[in-house]
Amino acid sequence: MVKGSELMNKNKIRVISLLFVIFIALAATPQMTSYPTGVNRANGTTGCACHSGGAGTTTVIVDGMPDSFVGGTSYELNITISNPNIAGAELSSNMGGFRLFATDGTFSAGENYTDLVQVMDGGITHTESGNDMRSWVVVWTAPDNEGQIVDFTVHGNAVNGNAVGNIPADGNSGDKWSTFQASIPGAAALGGGAILIEQAEPYEVAIAAITFGIALFSLMLVYVFYRNNPDGFNLNGLTEWLKKWMTTTDHKEVGTLYFVFSFLFLLIGGIFAMLFRLQLAVADNDFLTQDQYNSFFTLHGTTMIFLAAMPMIAAFANWIIPLQIGAKDLAFPRVNAMGFWMLAFSSVLLYGGVMSGEGADITWTMYAPFSNSLGEKGASAGTTLFVAGIIMLGISSTLSGVNFIATVMTMRAPGVTWMKMPLFTWSIFVANAMLYLSLPALIIGTVYLYFDRTIGTHFYDAAVGGDPILWAHLFWYFGHPEVYVVILPAFGVVSEVLSTSAKRSIFGYKSMVYALAGIGVLGFIVWGHHMLTSGMDPTFRLIMMLTTMLVAIPTGVKIFNWLATLWGGSLVFKTHTLWALGFLVTFTMGGISGMFFPVAGLDTHFHDTYFVVAHFHYVLVGGTLFGMFSAIYYWYPKAVGRKLDEKLGLLHFIITFIAMNGTFWPMHQLGIEGMPRRYHTYSVDSWSELNSFITMSALIMGFAQLILTWNIIRSYKYGEKCGKDPWGGWSLEWTTTSPPPTPSFHEIPTQEDDNLHHVESTGGGMFSRMWKGVEPK
Amino acid sequence: MSYGDHDDHGHHGSWAPIIASLGTMIFLYGFSEASMGITAIGLVVLIWGLFTWWKGDLPFDGSEKMGELKSYGTPFGGMNIRKAGIWLFLMSEVMIFGSFFGAYMRMRTNWNTHWTLLDKAQEAIDSSLAAPGATAKSIYKECLSEKHTPMITQCEEATGGLVNQTFWHTESSTPVYQHVAAEYITADFMTLLPGAINTFALILSSFTVVLALKAAKNVDLDPKVRDKKVRNYLAMTLMLGTLFLILKLWEWNHLIHDYDFTISTLAGSFFYVTTGAHGVHVFVGLVFLTYFIYKAHIGGWDHNNAQSIEYYGLYWHFVDLAWVIIFPAFYLY
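Going down the list, the protein sequences come from chains A and B. Taking our numbering, the leading residue of the first sequence gets 1, the next gets one more, and so forth. Taking our numbering, the leading residue of the second sequence gets 1, the next gets one more, and so forth.
So that you can see chain B by itself, here it is in the shape it has in the complex (with noise of 0.2 Å):
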């Protein structure tokens, strides 16, 4: 078995990955230290060794269309092994999203202390604080709205005074339910239509960089018709991305300003790490993008090599399917 001559060259060297990994030290102790310079210094040595990495796919003179590494043996036998490490990766990326969830709903149904509240409720019981015939169960479900709000007076009287007020505070005070984005959000249309077109322009996004890779499949179409296609619609993806980065910090603004909701609570920093988190990886996809478009502009996109753009869809498919999730989850609930 072979792999083709295009292994057979030896090992090119590459100055990318040191150069991003400095890039990627400069900006955390930038950030770190609070330091608007380094972090951004830091930010460029970054994007440099990103571009030094793409500079050795130039000048796109077919030397990169000699083929790509098949797999062998199961279970991608016959498949090009950069689509599996496309796969591998969103792995690891629902992994990411599946954390950010999961401290999420931790938060939101009190999963972290909803035994301490049925303890109480067995107590109330025990000591015959609660009406007769109560079980924790139907205490529980008086003490938390369907929202997990907790409703403060009617599981005091419900327990018998036994969980009071206290129950539902910290040590300084600070009531341990506090209103989240969706209270906000929910409440007034114009808050709500932001995230509401943005969810149609990451969904038609998708599709817009599937007709591109449609487009550069192609081989009926002759080859400048094909590149402006191509550019086209990856331009028509990276506009619909754009949209979606700047509704979601003019939204941000109205929520910050007009209604007071900002990092330093506990819903607040939920809800801002999370969406600012996608919108990172929004931000990571148009810079891929935007290379992308210049690549189609100067016809470097044809049938030989388009399956790029299909493992970018791929990446694409996923940050649009994480904010399908996170929109109902952050935005509506």
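Just chain A, same shape as in the assembly (with noise of 0.2 Å):
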């Protein structure tokens, strides 16, 4: 027993040392940003040893820099200081003085100040006569090196003048000072990224971020595996848990990992949201800087769609699909892990940039030619790694696509045919073949783009004969395909929910398919719509719009299958059905005004305004993420064996319901307006309403999803304990225990006619008999 207790003592003290460990990892961690926001002590003591009244308000303005400097020339920069709280000396003596440096070059006076300043100690400042001014102008020689940035800094202090006819110690009472930065780059620097990057020093940004990652992680890690079993926990159970996680290939272990992974992103990208919604809430807002700005919503769209949505609908695809056709796993169980590790370790990549505050800003459309472009007025320097991370998402995605196809052509069990095979499968397999197929153009631009970006191709730039439409084309040729990649998963989900709610089969099955299979083709012919306004082929723009109002027809009938659906059963209001529901409301209403898009000449109006973005969020939020909600509400019991709270759940949902309408439904009416989207903020006094509220109810929507949060994390230890089927499911996941064995079946099981499945549990509603002609038994 003694030695029991030095055991468990040693392993305490071994886990307390590691928290002790990222604690402190996670304190220091702000240090290694590369960009240091403070003062530059070292020239400070030099340049202000005399001046120690006092970091304060003082603006200091240096007007005459160059965007970027030619080798040799002298630009003429002329140095401003500004404090209205301190007024200067009577006698306009003694009024400031000021410290500039450059990491390179060489300084001169201007003309006529050759008396005022003084070049000193690599620096120039200014002269004892030179101190009775706000104002100097200085002559700076850039280098002849023009591969380089040279780095300026300039101390600048407002002087009360009170050291006139005092003694010295007071003189410096009352000043304030302070400091401003700026960086040239050279003509050269201009021209290959590899030189530009170096200015965000990657080992400190790779340290930075692997650290915070790592120990944030950890962190969560922890807590988890002791909540798991607080009485096991030590350091070898913890590494064995760990071990199991990190080389798992069972399909619902991967479900899992993908499930957290979407879910933590979700929250990340909603986190972005609002607090560029808070920037949005009034005119002429200043709470976050254009650069910010642009940098939290590129993240914002890029982590939704890549990190949040498709992870989600994989981590249900995972989960379900083998059990819906009866399979024992996926097809290549470790091609499937390798899917979600690169997906992992790409997320890395993408926020690379945010770690030193050069977040990419190109948008998650990452347009041409802004986004090829470098240097100071091109894309921020952390798109290079934005980009990568975009390539290594493709490469995940394309893993995670040919498994899921093939597993749904190869491993179906007996009775589980073509035309009997679970919608939420077909919409999975139809979603999974149009990702696949329209994916290698992705991969392709991006990687057209980021070598343009780091080894000097120029495909997308203008000026040497490239094309920026390019992008475009092989942007889009992806990204619609793309938009019913994550819609189609949730068609498949809302199929299930409300058949099941419904007690009775899906109205129309057939016709459902061939609806998914022709969204499936015409998706691959529309893109051209999103590019109405880029100047491209007057026919392409025709056939274009043609095909794009085309997709309408298969969308809408599925929406008249699912409310035949209803007609006809015996509808059962559990929360994934009021989740699905929600979803027929808002899903037909970003349906519907997204068929004002493909007409070119209502799209020249609305194009890149809010009427863009109300639309494309009621389909993605009120479609796709209203789905996936109703998906966690109704697989949740087979995955963890217990029921999410209904009390919590009706909750989430009228919140979020009302919220989401509340968040979406005015932009519509400033996007008619005009409001520009992607902007950082305008100056129409007249949308602030619109916006205030917006912002109200978007920070509702983002809170809201705290109770989902916690219903999943409560319920997993004190949900409802419920048995194989707790919602009377038709198809094969319902047959296996609730959580399934791994492999998840022992025997392949042989699916049943749905239709005597929903006859023999409930009677069977009047529409089941009336359409299938299935007599009740």
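None of these hints come from the bench; they were simulated from the model. We treat Cβ as the ideally placed atom computed from N, Cα and C, and that holds for glycine. Misleading hints may appear alongside valid ones.
With a cut-off of at most 20 Å between alpha-carbon atoms, the simulated DMTMM-like pairs for lysine to aspartate or glutamate come out as follows [what the hints assert, rightly or not]: (1) B/Lys137 with A/Asp537; (2) B/Lys214 with B/Asp302; (3) B/Lys70 with A/Glu747; (4) B/Lys137 with B/Asp119; (5) B/Lys120 with A/Asp537; (6) B/Lys120 with B/Glu156; (7) B/Lys229 with B/Asp302; (8) A/Lys510 with A/Glu752; (9) B/Lys141 with B/Glu156; (10) B/Lys141 with A/Asp537; (11) B/Lys217 with B/Glu68; (12) B/Lys55 with B/Asp302.
Chain B side only, calculated, beta carbon under 7 Å to chain A, not exhaustive [claimed, not checked]: (13) Leu22; (14) Ile81; (15) Gly85; (16) Ser92; (17) Ser99; (18) Ala103.
Mind assembling these two chains? They're in different frames, but the hints should get you there.
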């Protein structure tokens, strides 16, 4: 016993020291970002040694700095300091001083300023007689090496003049100084990305990002492990447990990894959204800088599409597809695991730039010619890493795509024929087929972009004959199928949920399948409607306009089929049913607002306004996200063996549904009035009212997701226990235990007819008998 | 229905996915930051992941021969699932090279600007600047040669000066039209030669892979003879593939140094990135082939598992086929 307790103590010490290291790492991380934000003290002590009045609100402005310098050229710089609170001495003596440093180049006094400024210790400063003013002109001669970036530091001191006539010791009281910093790249540094990127100091950025990520993640993992089994909490158990998750190839465990990952990034993406909604709440706001705004909405878009929506779909696909088709696992388990890890590591690259304040600012569409431009006026340095991350995402989706398509094509159990396959499986199959065939265009597009940014190709550089519109074609050839890739699985979920909740088979199963496949085919020939204003061939514009409108037909078929399913069934209102019904409302509205864009004339007005934002958020939040929420409530019992709390679920649904409409509905109005998207602020005061309302709704919607988070965590331990089939579902995933064993089936099951199932369990709805001709038993 | 005993052992965890993914991330990070060191580390980690993957198949004691998963139902009923997987993978590869190709043809045919030229031609007709009887299409044909080279002087005449020098130039007055690789390559037999040899080398290597497969599947052969045959045919494939890469690098070197044809032009960007991507596919094939040869050397192949050579062969044939399309489009056209 004594030995046992000693062991326990040792383990405690180990874990506590581990946590200690993690906290230290967390605390140290902010120091590792590559841009120091404080005043450079080394310069400060030499430059402002006799002016230690203290840092303050003094403004330092330097005019005449070029965007990039040419070697050997002289530039005239006007340095002005101002501080309305410090007037300066009466006799206009002793008003201020400055100290200017540059990492290269030489200084000299400006014309008429030879007696007023002096070169000192590699920089330049005012002379004794030069401190009677607050504005100086100096000349900076650029160095010959154009391949570098020169950093400037200016300390400016606003002096109140109380040193005149007093003893020097009092001289600094009431003076306030501050610092201005700038960087000017050489002309050659603009040409090649390699040189410019040094600015971000890759090693420091990498260490910061990796430390931060690992520390935060380890903390979370240790906590989850502790919660799982508080008694078996020791280091050996922890490493074994971690190893299990890091090496797992089981479809259910990989699905769980996908789910946790996507949920985490759903919350992160939501935080970005709330931050820039605060910025947009009122006109002329300056809560975020332009650069922050640009990088935040870029990461919001990319996070939500690639790191939240698609992984969440992959999570359910991983969990449910093998169960629904009666397979023991996916076709290629190791490839499947690799798909997840590629995704997980790509997020590090996507977020790489944020740690250095140089986050990608190229929007999720990454339009050339901005995204391939380098230098001061180009996209920020983190963009290169971001593009690399997108390439990795492409690899990840290709790997998971081949897996799902192969699984559905080759591993269906007896009875699960193509025309009896559950609609969720059909939707995942069509979505993955679309993703799989369109993704190469994105990969090639981003590889071109990546090479433009790194090794000096000129695919998108119009200055040498490159073609920025090529990017738009390659991106949207992927991008439009992509929006169906994220919406089709939601269709599948809603089909499953509605038919189970209505206690009948889905209405018009065959037409549902053909509609899915039809969308799958049409999705490839509509991409041009994103580019109607890009100046492409008018004939092509017409074709794309017509094909886009065609998409409404299969989508309409699906909506009417869902309505007919409700009509013929006896509906049970569970939380997942509510989400599916909410989906029907909001998705239909989103679909209708979408029909404005293919009309080239209308699109010219609506292009890049908030009307577009309203449309695609109605489709992506009201469609995809609502569908995924429905799936969470529907399949959580299957994965965990306990139901989610229905009361919390109802609360979550009501708040989110109202707040979602409150957030995105007013955007239609703003868009029609012409409010442009992707601008960090606006000056039209009449837009403030609606925008404030949107911001409030967005915050409510964001915080409402904490209810779901709490519900998921709480129900894991305390939820109501449930058996194989808590909702009365028909497909094969409900024939195995909750949670299912590994491998998921010991004996391959045989799927029965869905109508027979529902007739047996409920006695069958009137329409079920009428349309299918099945007699109740 | 049952898949046999193989699958009932439960799941074997594998470190390979996470290691290979980490390697990919480090590789891309290093490349982005132009740091050769980090890039190399990433590549090493990536290859470590790959070897971890292959190590799962070792030690060739027969445990991997217990049978592959078979497909069930339409459309691949009875086929090995891995074979369906490789065909699906090739579908993605077709789209990859399709994208390279589409982008290249767009550049070569002025597809992005041809309608503006037609527009200008119509304008010239409407304002009677063009010769009487000319149509927009006939003017268009006069403006571009068969190889889509702008005929600047003829075009200016045909449109009565409406489409002049400036139409063909971008803002910084760089000519829109740039010399493409084919012009240099076809100009000189010695430049064309490596490409021509490469074409035959790849086709021949596709044949030797099939011979290796045939030898591995031959149950009548003495195991020792069979192993030697398989190894030699695979080694022949490796040599031909290596020859391809060496000649390609020599040819790039020649184009860059003797003709000053670099990636900093638009045509050069397309040429080097597309042929380079194909070269990477060949290189990846060679990495796999090295492992296959090692496996043949220690007697790992027989008729039970020879289908792996077949799947590899499908990939290799595809790489070959892609070259058969790239060669005329980039070297001759």
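Hints, verified against the model:
1. B/Lys137 with A/Asp537: Judged against 20 Å, a Cα distance of about 16 Å means the pair holds.
2. B/Lys214 with B/Asp302: Given that 20 Å is the threshold and the Cα spacing comes to 10 Å, the pair holds.
3. B/Lys70 with A/Glu747: holds, 16 Å
4. B/Lys137 with B/Asp119: holds, 10 Å
5. B/Lys120 with A/Asp537: Cα-Cα ~13 Å, so holds.
6. B/Lys120 with B/Glu156: holds, 11 Å
7. B/Lys229 with B/Asp302: Status holds; Cα separation ~12 Å.
8. A/Lys510 with A/Glu752: holds, 17 Å
9. B/Lys141 with B/Glu156: holds, 13 Å
10. B/Lys141 with A/Asp537: holds, 18 Å
11. B/Lys217 with B/Glu68: Status holds; Cα separation ~16 Å.
12. B/Lys55 with B/Asp302: With a Cα-Cα distance of about 19 Å, the restraint between lysine 55 of chain B and aspartate 302 of chain B holds, given a limit of 20 Å.
13. Leu22: holds, 6 Å
14. Ile81: holds, 5 Å
15. Gly85: holds, 5 Å
16. Ser92: holds, 6 Å
17. Ser99: Since chain A brings a Cβ to about 4 Å from serine 99 of chain B, closer than 7 Å, the hint holds.
18. Ala103: holds, 6 Å
When each numbered hint is compared with the structure, no violation occurs for any of them.
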